[in-house]
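Engineer: Sequences listed follow chains A and B, in order.
Numbering (our numbering) for the first sequence: 1 to 300.
Numbering (our numbering) for the second sequence: 1 to 300.
Hints in this document: simulated from the structure, not taken from any laboratory.
Ideal Cβ placement from N, Cα and C applies to all residues, glycine included.
Hints should not be assumed to be uniformly reliable.
A few chain B residues facing chain A, derived, Cβ under 8 Å [stated by the list, open to error]:
#1 Y21
#2 F27
#3 F31
#4 F34
#5 F47
#6 N51
#7 M61
#8 Y64
#9 T120
#10 T181
#11 S188
#12 S235
#13 V279
#14 L280
#15 M285
#16 I289
Here are the simulated lysine-lysine pairs, BS3-like style, with alpha carbons at most 25 Å apart [unchecked claim]:
#17 K79/B to K125/A
#18 K208/A to K81/A
#19 K149/B to K69/A
#20 K222/B to K79/B
#21 K81/A to K79/B
#22 K149/B to K79/B
#23 K149/B to K222/B
#24 K125/A to K149/B
#25 K149/B to K127/A
#26 K127/A to K292/B
#27 K222/B to K125/A
#28 K248/A to K127/A
#29 K69/A to K81/A
#30 K208/A to K125/A
#31 K297/B to K222/B
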Amino acid sequence: MSAIVSKVKLWIETIRVNNSRVILSRSKAGTFFIGFFISLMSLFMLLPVIYSVVQAFKPIDEIFAYPPKFFVQHPTLDNFKMVLRLAGNLWVPFSRYLFNSLLISVVGTFITVFISSLSAYPLAKGKFPGRAAISSAIVVAMLFNGNVTTMPRYLIIAGLGMVDTYFAILLPALANTMGVFLMRQFVVSSIPDSTLEAARIDGAGEFKIFFRIVMPSIKAAWMTLIIFAFQGFWNSTYGNYIYSEELKQLPSVLSSIAAGGIARAGAGSAVAVIMMLLPIIVFLISQSSITETMSHSGLK
Amino acid sequence: MKPAKTLSMRTQARRSYLSHYAMMSPFLLAFLTFTILPILAAILLSFTDFNMLQLPSFVGMDNYIRLLFEDDVYMIALKNTLILALVTGPIGYILSFVIAWLINELGYRLRVLFTFFMYTPALCGGAVTIWAYIFSSDSQGFLNDILLKLGIISDPISWLTNPQYNLVIVMIITIWGSFGTGFLSFVSGLQSLDRTYFEAAAIDGLRNRWQELYYVTFPQMKEFLLFGAVQSVSSAFSIAPTITGNPSTNYSTHTLVLHISDHAQIRYEMGYASAAAVVLFILMMAAWIGTKKLLSKVSA
Chain A
1 MSAIVSKVKL
11 WIETIRVNNS
21 RVILSRSKAG
31 TFFIGFFISL
41 MSLFMLLPVI
51 YSVVQAFKPI
61 DEIFAYPPKF
71 FVQHPTLDNF
81 KMVLRLAGNL
91 WVPFSRYLFN
101 SLLISVVGTF
111 ITVFISSLSA
121 YPLAKGKFPG
131 RAAISSAIVV
141 AMLFNGNVTT
151 MPRYLIIAGL
161 GMVDTYFAIL
171 LPALANTMGV
181 FLMRQFVVSS
191 IPDSTLEAAR
201 IDGAGEFKIF
211 FRIVMPSIKA
221 AWMTLIIFAF
231 QGFWNSTYGN
241 YIYSEELKQL
251 PSVLSSIAAG
261 GIARAGAGSA
271 VAVIMMLLPI
281 IVFLISQSSI
291 TETMSHSGLK
Chain B
1 MKPAKTLSMR
11 TQARRSYLSH
21 YAMMSPFLLA
31 FLTFTILPIL
41 AAILLSFTDF
51 NMLQLPSFVG
61 MDNYIRLLFE
71 DDVYMIALKN
81 TLILALVTGP
91 IGYILSFVIA
101 WLINELGYRL
111 RVLFTFFMYT
121 PALCGGAVTI
131 WAYIFSSDSQ
141 GFLNDILLKL
151 GIISDPISWL
161 TNPQYNLVIV
171 MIITIWGSFG
181 TGFLSFVSGL
191 QSLDRTYFEA
201 AAIDGLRNRW
211 QELYYVTFPQ
221 MKEFLLFGAV
231 QSVSSAFSIA
241 PTITGNPSTN
251 YSTHTLVLHI
261 SDHAQIRYEM
271 GYASAAAVVL
281 FILMMAAWIG
291 TKKLLSKVSA
């Protein structure tokens, strides 16, 4: 087994070393054009987001100023204070909503990433009967519109007695079709069959192969799935399934704070900024830490 | 000796089947219960009249006949959906790949930074509302203000409600938000490619980067390109713009998903909505099969 591990280590190391140099060269004009193009696209992507962040620091008269200004003249924290003040008057303490959201997002993301990887490996490399059918069923499920499946799904969840419990959120998370499909594609293209064969000849069981070879080799895919899953859990209210106030998530209380017409326009912008903070942090941490593990240790 | 060996290989294969089924079982159970069952239910409901209060009654093909021959709004929605999907789908997909490809050439820090920039619209979901300020119909709107000042227009344009402009605006906003999981998977996919192929190909006489892209990168990226394609097809056909008003002026930006949710959640015509979802699904499947054929030609 250790021979295999060191082989995989070497193989990942080779990718890293070779990755650090560009083999075919490019003209100076080409480099300039690429820089220019990426910067332009970034600007197009970023400006609306920056504008929405700036909005949150504007006093109410500037939000509705004529003519409209991109940047804030007299930055203020009033909008955030308003959100805090409104959040302080709630029947259920604000910290409870925050705790619920963190709990569901962390546990849900962990389940999604682990189960998706676990089922992706046999789906990509196994030879068991029914494999092709399951793969096509996953694509079918990804292409079927959710609006009409909400109601049958609700009936199933209610029938299982899971309404108003976190099972209604976490059990369906076991079947993240996009996650499984993504992981499957990664396993197919990044793990050679010969490595798996060698491990089997050495006597490694399938679970051992999964934990020692497959999981470490698809860390780059985790980055995509972690951020995708986290965002999904973090931004959802699960209004259909959760009725008890003390079980509700952050977005449900923040959206009711932001609702309230013109007078709450500032609070609305502040809420949008508050909600995007954590996903940004998760994105940056997962992106940088996983690139780091890829390039430094390879395998644990 | 020989029979003993085949037997052991067979038991080994059977054991790996068993482990593979065990690995897939949590996913499969949840997938069948919370995804496949609701989809089957929706398909059955499409042949019924169901108002969610009384039990569904079987009506045969009535819903489909009404959909395809009697519903004028449906035809408008179908036309808009096809236009939006055929324009934004390929543009978003190709841009995602091109930018991921360009970003891949950069150093580690710049790569993380630009990936973050491109992903921010998807990361900061709340920012989408900012387009309402930008395209606001009065002279306070950002775009109107600029165009008035530059003297390009003399009266403010109602960008979001004028059927002449609003479909294009929906396209711009959609492309802005199209750097999602497909894009992230391209970035991490390109990172995990085996560089030895590039070296070998360069020695074998590739003349430029375009040849490298076509002969080396595309074939190696096949699995990721397929993943991105499913994501693109499913999101391009699911565009549901509400920023232009719901319903929009003369249904000018009405789409199939808006039509489905309108009938499912407002009119409680579950059977009819399900029929519309089944037709949408058939369209998506056709688009997916076509895309797959095209990709297998490019990345053969």
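Engineer: Does each hint fit the structure? Answer for all of them.
Structural biologist: Now for the hints, and whether the structure bears them out:
no.: 1; hint: Y21; in the structure: holds (6 Å)
no.: 2; hint: F27; in the structure: holds (4 Å)
no.: 3; hint: F31; in the structure: holds (4 Å)
no.: 4; hint: F34; in the structure: holds (4 Å)
no.: 5; hint: F47; in the structure: violated (13 Å)
no.: 6; hint: N51; in the structure: violated (12 Å)
no.: 7; hint: M61; in the structure: violated (17 Å)
no.: 8; hint: Y64; in the structure: violated (14 Å)
no.: 9; hint: T120; in the structure: holds (5 Å)
no.: 10; hint: T181; in the structure: holds (5 Å)
no.: 11; hint: S188; in the structure: holds (4 Å)
no.: 12; hint: S235; in the structure: violated (10 Å)
no.: 13; hint: V279; in the structure: violated (10 Å)
no.: 14; hint: L280; in the structure: holds (6 Å)
no.: 15; hint: M285; in the structure: holds (6 Å)
no.: 16; hint: I289; in the structure: violated (10 Å)
no.: 17; hint: K79/B to K125/A; in the structure: violated (41 Å)
no.: 18; hint: K208/A to K81/A; in the structure: violated (52 Å)
no.: 19; hint: K149/B to K69/A; in the structure: holds (13 Å)
no.: 20; hint: K222/B to K79/B; in the structure: violated (31 Å)
no.: 21; hint: K81/A to K79/B; in the structure: violated (47 Å)
no.: 22; hint: K149/B to K79/B; in the structure: violated (36 Å)
no.: 23; hint: K149/B to K222/B; in the structure: violated (49 Å)
no.: 24; hint: K125/A to K149/B; in the structure: violated (62 Å)
no.: 25; hint: K149/B to K127/A; in the structure: violated (67 Å)
no.: 26; hint: K127/A to K292/B; in the structure: holds (23 Å)
no.: 27; hint: K222/B to K125/A; in the structure: holds (16 Å)
no.: 28; hint: K248/A to K127/A; in the structure: violated (43 Å)
no.: 29; hint: K69/A to K81/A; in the structure: holds (23 Å)
no.: 30; hint: K208/A to K125/A; in the structure: holds (15 Å)
no.: 31; hint: K297/B to K222/B; in the structure: holds (11 Å)
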